[in-house]
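Q: What follows is each chain in one-letter form.
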Amino acid sequence: MTFLTVAAIIAGVMFGIGALCAVYRIIRGPSILDRALAADVLLAIAICALGAEMAINKHTDTLVVLLVLAMFAVVGSISIARFMAKQDAA
Amino acid sequence: MSAGEIVIGILILLSAFLSLAAGVGIVRFPDVLTRLHAATKPQVLGLAAVLVAVVIAEPSWAVVTTAILIMTFQLLTQPMTAHMIARSAYRTDHVRRDLLITDELARDISESGDDDHSDREDEERADQRR
Chain A
1 MTFLTVAAII
11 AGVMFGIGAL
21 CAVYRIIRGP
31 SILDRALAAD
41 VLLAIAICAL
51 GAEMAINKHT
61 DTLVVLLVLA
71 MFAVVGSISI
81 ARFMAKQDAA
Chain B
91 MSAGEIVIGI
101 LILLSAFLSL
111 AAGVGIVRFP
121 DVLTRLHAAT
131 KPQVLGLAAV
141 LVAVVIAEPS
151 WAVVTTAILI
161 MTFQLLTQPM
171 TAHMIARSAY
181 RTDHVRRDLL
191 ITDELARDIS
201 ESGDDDHSDR
211 EDEERADQRR
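Top line first, the protein sequences correspond to chains A and B.
Sequential numbering from 1 applies to the first sequence in the working numbering.
Sequential numbering from 91 applies to the second sequence in the working numbering.
Honestly, the hints are just simulated from the structure, not real lab data.
The hints are all genuine.
The following label-pair restraints were derived from C-beta to C-beta distances:
no.	chain 1	residue 1	chain 2	residue 2	range
1	A	72	B	152	17 to 25 Å
2	A	76	B	127	14 to 22 Å
3	B	194	A	76	25 to 33 Å
4	A	20	B	150	31 to 39 Å
Some chain A residues near chain B, calculated using beta-carbon distances under 7 Å:
no.	residue
5	17
6	21
7	38
8	74
Simulated crosslink set (DMTMM-like; lysine to aspartate or glutamate; CA at most 20 Å straight-line):
no.	chain 1	residue 1	chain 2	residue 2
9	A	58	B	95
10	A	58	B	148
11	B	131	B	121
Since the model is a prediction, treat every value here as computed from it, not as a measurement.
Beta carbons are placed, not taken as given, at the ideal position from N, Cα and C, and that holds for glycine.
Bound-form chain B, shown alone (with noise of 0.2 Å):
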């Protein structure tokens, strides 16, 4: 058993771990946005927990190399997603606004004068400008 070994291991149960804590989280928590705090964890630090025990199990630089952009893709890809998801679940009222301290998307929306949250509507006021 060699040092490399338990670090391997102990960066594999990381990931595991976080993706068993984004599995109960998806699964306890009450809307799509606590649901997404919980479910976007394992996406980047399990990610790259992984990765680091793969450069240490076979170190070379096509694997560095790999590793390194397979973390930029993610790290551009996955905040992208989850802001989109927020977003649409905030305009469709998927939000318990029960359980928002403060909702401060919604002064901002109220003090723009936009009344009506919907997509269509702020096109065509757009096209109205052009």
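Isolated chain A (complex conformation) (with noise of 0.2 Å):
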């Protein structure tokens, strides 16, 4: 096994890790802003597991999707925070 299969294991399962950890707290709550916070984590997890493919596998095909990604991410999160009204705490 050569150095970069070992260091892709190892940051696979940091990134399963991770990303299993966001989901918890999306799960959980409590507030809905927890919910869009853990959301925005899950995605960024994505985001750098992608690229960290990408830099393994020596190809650049998802570039693009990461552009997307990070473009078009901060939708959903200010949405939520904007028009979130006192009452709706969950």
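Reconstruct the complex from the two isolated chains, following the hints.
A: Here you go:
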């Protein structure tokens, strides 16, 4: 096994644990802001994992996907935060 | 095993570690503002590390310019998200005030004479001024 393979396996485990933690926070709440924040973290981890896969397998097929995600990831969280009223706490 | 592979591996491990730290922080921290602090770490440094790794793995101008574009958009949009979520959390009382050492925003709000923190009243006041 080369160094890059070992690094890829360790990084995959770390990305996986981080993503599972974000999913746990999306399920548990307690407020909708926590869920929006955790969804944002999940998306950031997905972007990082896609980029890591590209660097390890030496191709650039999903670079455009990264660009679109970086451009439009902002819409969901901002609309939740902007149009949240005091009563919808959950 | 070349030097490039070692650099790529280290950068990917850095990004993965930041993602793990964000996941652990978002589970362990007590309220929205502290979770926000943990959550915004992988979104800039982790992405930067991964993009540098991609550029080292596939060095061409097309990849470099696209990587710069991705980083620019992320740097433009992530602070907006964090700011809006923090503002919304403060105004809807999702803040653990017992954990705050100083609350400078509350002092500023009370000095401006705005007792109620609701957006609707701000907007009404702006309408009246017009």
